[in-house]
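Visitor: Let's have the full structure, built from the sequences with the hints guiding it.
Chains as they are written, first to last, in my numbering: chain A, 4 to 117; chain B, 10 to 123.
One or more of the hints may lead you astray.
Derived, one-sided and incomplete: chain B residues facing chain A with beta-carbon distance under 10 Å [as the list claims (entries may be wrong)]:
#1 Ala11
#2 Gln15
#3 Ser27
#4 Ser40
#5 Gly62
#6 Gly67
#7 Tyr73
#8 Phe99
#9 Gly115
Here are the simulated DSBU-like pairs of lysine-lysine, each with C-alpha atoms no more than 35 Å apart in a straight line [as the list claims (entries may be wrong)]:
#10 Lys71(A) to Lys66(B)
#11 Lys66(B) to Lys52(A)
#12 Lys23(B) to Lys66(B)
#13 Lys52(A) to Lys80(B)
#14 Lys80(B) to Lys18(B)
#15 Lys109(A) to Lys66(B)
#16 Lys23(B) to Lys61(A)
#17 Lys109(A) to Lys71(A)
#18 Lys66(B) to Lys80(B)
#19 Lys80(B) to Lys23(B)
#20 Lys72(A) to Lys52(A)
#21 Lys66(B) to Lys72(A)
#22 Lys52(A) to Lys109(A)
#23 Lys18(B) to Lys66(B)
#24 Lys109(A) to Lys80(B)
#25 Lys23(B) to Lys72(A)
#26 Lys61(A) to Lys71(A)
#27 Lys18(B) to Lys61(A)
#28 Lys72(A) to Lys109(A)
#29 Lys61(A) to Lys109(A)
#30 Lys52(A) to Lys18(B)
#31 Lys72(A) to Lys61(A)
#32 Lys80(B) to Lys61(A)
#33 Lys66(B) to Lys61(A)
#34 Lys52(A) to Lys71(A)
In case anyone wonders, no lab produced these hints; they're calculated from the structure.
Here the structure is a predicted model, which means the values were calculated and not measured.
Think of the CB as a built atom: it goes at the ideal place given N, C-alpha and C, for glycine as much as any other residue.
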Amino acid sequence: AQSVTQLGSHVSVSEGALVLLRCNYSSSVPPYLFWYVQYPNQGLQLLLKYTTGATLVKGINGFEAEFKKSETSFHLTKPSAHMSDAAEYFCAVSDGQAGTALIFGKGTTLSVSS
Amino acid sequence: NAGVTQTPKFQVLKTGQSMTLQCAQDMNHNSMYWYRQDPGMGLRLIYYSASEGTTDKGEVPNGYNVSRLNKREFSLRLESAAPSQTSVYFCASSELGGGWDEQFFGPGTRLTVL
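Guide: Shown next, in the form of structure tokens:
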């Protein structure tokens, strides 16, 4: 069975500071990994995903994540936070099999202060 | 393209009442999903449909039924609503239904059961 753990339900940073949101996964097969963002009162939208190949994945809005198999991690980073980054972020994992759905973490709320 | 649309956006029910949440996508996607989102719980899969004519249970199917009416539409029915079903419900779709697919989410339905 697969699972996702997001460390820290709430992260606060100052505008311009580094953003680091942590995600660890458990999977018995090579995983497919995703980060989604949810702005207030909206649905989720994809930030980035890792399927195969390059372990450093770049996404939208300046975010990136690195797949580290040895650490079973897929942490999300952004060098410089903007006020507009304030949202809830979800890490998700899949086993890549057809007809299966994503397993989501419980989410991390990012607050950005000026 | 409207993407994934959901109706209604808000609903208040009394315990024991029934209702159907509607979802439609115009992206010609094969797979569709219903999730519920509760504070601190992330998104949990209720049911999914890998392709037209098929449906499967997710993590939390009890108290719900689904219908994949056609390729575009996937409805979620609560036969006898309970306060524990107070939640935000999201419909999503993906092109191929493989675990590597991006899922596209609707704006959600906020349901309160009194």
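Visitor: Does each hint hold? Answer for all of them.
Guide: Against the structure, the hints come out as follows:
1. Ala11: Since the shortest Cβ distance to chain A is 13 Å, the answer is violated.
2. Gln15: Holds. Min distance 8 Å.
3. Ser27: violated, 25 Å
4. Ser40: holds, 8 Å
5. Gly62: violated, 13 Å
6. Gly67: With Cβ-Cβ at 6 Å, under 10 Å, it holds.
7. Tyr73: Where the cut-off is 10 Å and the nearest Cβ of chain A is about 15 Å from Tyr73(B), the hint is violated.
8. Phe99: holds, 6 Å
9. Gly115: Holds: closest Cβ of chain A sits about 5 Å from Gly115(B), inside 10 Å.
10. Lys71(A) to Lys66(B): holds, 31 Å
11. Lys66(B) to Lys52(A): holds, 25 Å
12. Lys23(B) to Lys66(B): holds, 25 Å
13. Lys52(A) to Lys80(B): holds, 26 Å
14. Lys80(B) to Lys18(B): Status holds; Cα separation ~22 Å.
15. Lys109(A) to Lys66(B): holds, 20 Å
16. Lys23(B) to Lys61(A): Not satisfied, since the Cα-Cα distance of roughly 46 Å exceeds 35 Å.
17. Lys109(A) to Lys71(A): Holds. Lys109(A) to Lys71(A) sits at ~21 Å (cutoff 35 Å).
18. Lys66(B) to Lys80(B): holds, 18 Å
19. Lys80(B) to Lys23(B): Between Lys80(B) and Lys23(B) the Cα gap is close to 32 Å, so the pair holds against 35 Å.
20. Lys72(A) to Lys52(A): Distance ~15 Å between Lys72(A) and Lys52(A) Cα, so the pair holds.
21. Lys66(B) to Lys72(A): holds, 30 Å
22. Lys52(A) to Lys109(A): holds, 18 Å
23. Lys18(B) to Lys66(B): Holds, at roughly 24 Å.
24. Lys109(A) to Lys80(B): Holds, at roughly 30 Å.
25. Lys23(B) to Lys72(A): With a Cα-Cα distance of about 48 Å, the restraint between Lys23(B) and Lys72(A) is violated, given a limit of 35 Å.
26. Lys61(A) to Lys71(A): holds, 15 Å
27. Lys18(B) to Lys61(A): holds, 33 Å
28. Lys72(A) to Lys109(A): Holds, at about 21 Å.
29. Lys61(A) to Lys109(A): holds, 22 Å
30. Lys52(A) to Lys18(B): holds, 29 Å
31. Lys72(A) to Lys61(A): holds, 17 Å
32. Lys80(B) to Lys61(A): It holds: about 32 Å lies between the C-alpha atoms, which stays within 35 Å.
33. Lys66(B) to Lys61(A): holds, 33 Å
34. Lys52(A) to Lys71(A): holds, 14 Å
Violated hints for the displayed structure, listed by number in ascending order: 1, 3, 5, 7, 16 and 25.
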